[in-house]
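**Student:** As a plain string of letters, each chain reads:
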Amino acid sequence: MSLLEDIERAFAEVSGVDQMRSCVQAALAEGTSPLRIVQSMRDGLSVAGRKYERGEYFLSELVMTGIMAQELSSMLKPYLQRDGGEFLARIAIGTVQGDLHDIGKNLVSTMLSSAGFEIRDLGVDVPPEKFVQIVNNEKPRIVAMSCLLTVAMDAMKKVMGQLVESGLRSEVKVLVGGRPITPEFAEGIGADGYGENAIEAVDVAKSALT
Amino acid sequence: MITFDHEEPDQVPITEMAIDVVHLEKLAGAKLTADTSPQTQVTSDRRAEADMVATTVLAYKKLGFELIPVELSAPDGWNPQKKPDGTISDEWGRILSYDAKCRSWVSSGSIFSAPEDFERFPFPDPHAPGRTFAIEETKRRIGDEMVLGGWIKDPFATAWEMFKVTDFVRWLYERPNFIRQVIERIADFNIDVIKQIVDAKADLILCSGDYAEKKSPLVPVKFFKDVIFPNLQRQVEAAHRAGVKFIKHTDGNLNPIMEDLANIVDGLQSIDPTAGMNIGDVKRRYGERLILIGNVSVDNLCTRTKEEIVQETKDCLRDAAPGGGYMLSSSNSWYTDAKLENCLAMVDAGRKYGRYPITIPD
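Chains as they are written, first to last, in the numbering used here: chain A, 1 to 210; chain B, 1 to 362.
No lab work stands behind these hints, which were simulated from the structure alone.
Mixed in with the good hints, there may be bad ones.
[To be verified] In silico EDC-like links for lysine to aspartate or glutamate, alpha-carbon gap of 20 Å or less:
#1 B:Lys101 - A:Glu129
#2 A:Lys51 - B:Glu213
#3 B:Lys215 - A:Glu196
[To be verified] Computed footprint of chain A on chain B, listed as stretches where at least three residues anywhere in the stretch have a Cβ under 8 Å from a Cβ of chain A:
#4 72-79
#5 139-149
#6 187-193
#7 262-271
We put the beta carbon where it would ideally sit given N, CA and C, even for glycine.
Pulled out of the complex, with its shape left as it was, chain A reads as follows (with noise of 0.2 Å):
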């Protein structure tokens, strides 16, 4: 099996930090593309969603291949920036004020990144005011909120009125996630999209680009 497989494996297989360091090392010392390495990562991700998508996998194993990706996303940063490798897109991504939770922003921005996307992490309790700001300011093309409280949807729906009231709205895709979030809640407050899971977010985002 070539060490690309081994990576991608490690990854299905949430083999952990010290097994996938070891395979991408071995993968770099013989010269493979940094970006192939990326690549056999994002297969591996999308395996591995499948089995928490399946009820194979758990929220656990969930965060640890986000831990691995991170690890990854170190150990290749300066072959990538050295080859030129572009992001995708940049995303402003954070949890809605009244809202102090961020595992699930964590594990979002942590798949987005393994697939490519610049994140601008603007934490937790983000007031409204902040995301029209970073979009003025920062223009991203994805803004992507999340929250676990219910009480914290008002806060998304407050985000959509003064993006649109700031004429920005049409500037910027529109993300939410989160456990009381829903397919008919983001449709109502006019969302781009809608993820249920982590490792849905990274196709929810890709198809916002398009």
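Please arrange chain B on chain A, whose structure you already have, making use of the hints.
**Tutor:** Chain B alone, transformed into the frame defined by chain A:
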């Protein structure tokens, strides 16, 4: 309470596992000053704590609730460590930030960066005096008017929160024996505390801490079988030795672990409808083994109309009450943003339609 013996009383009993400060104040007509947290102890100011107990008791009496849950207190003289950024850390190494809207401290980080930090950490002493202050104070105020449930926190859930989730998971993979030992040690703490809770005249042990999220359990089923459930079993046995039942609260989709869970605990609270848990289905499959408490959706208490809440309450009563062994509650607690009118509509509907024999049509 004969409900806990799986018999039908005259009326379905009603409770809530917790009511946020803003609602307690409205119900009791009081103003609270105590620092609170839904996850841990954050003060040993006994005067403020006594006010909190008095207000809670007043609110629960006003609602006519049959069960009042009470948290453990921090030990005498304990104070949280305050940090320059405004956060605090608790006895267990959680870092907490203040949520101004809910007026409570919520978990936002951890003091632990490595397993070696925990090994050097002064582990809480279960025998430190004062841990049952709030329980004793509540019992003094309620006498035999209500069932008193004393809270402990599940060891897995404590460890999941004490460490950052990413660290817990990483160490679960790389240092599984360390995680196992942490959970066992917290279970030992709980076993010591359970006896004190019952000695303080609590009638029941309530165990908080989620096992699952919306989709599924948080960790693999094998870890539940190998580590979480054996330690849960030890705590349940401690409760039974002390002569009381053990009710487990957990949100999320428990279906992959229900059979094992039903063989260990005496009851279950939440039965999370947003995670696909159907209380009628749980009643059919486990009703002879498990006392059920739930399951009006906390999301619906925030967003729906009174009429929809009344219907949902009737559905819960129809599906879960026949045969006894059932208490009406929300699927978690009355959050700050729950509409109080909806919460009260749930209670009113529970009183109106919850007389046995239950005769609510499909």
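**Student:** Hints numbered earlier in the text: which of these fail when held up against the supplied structure?
**Tutor:** 4, 5, 6 and 7
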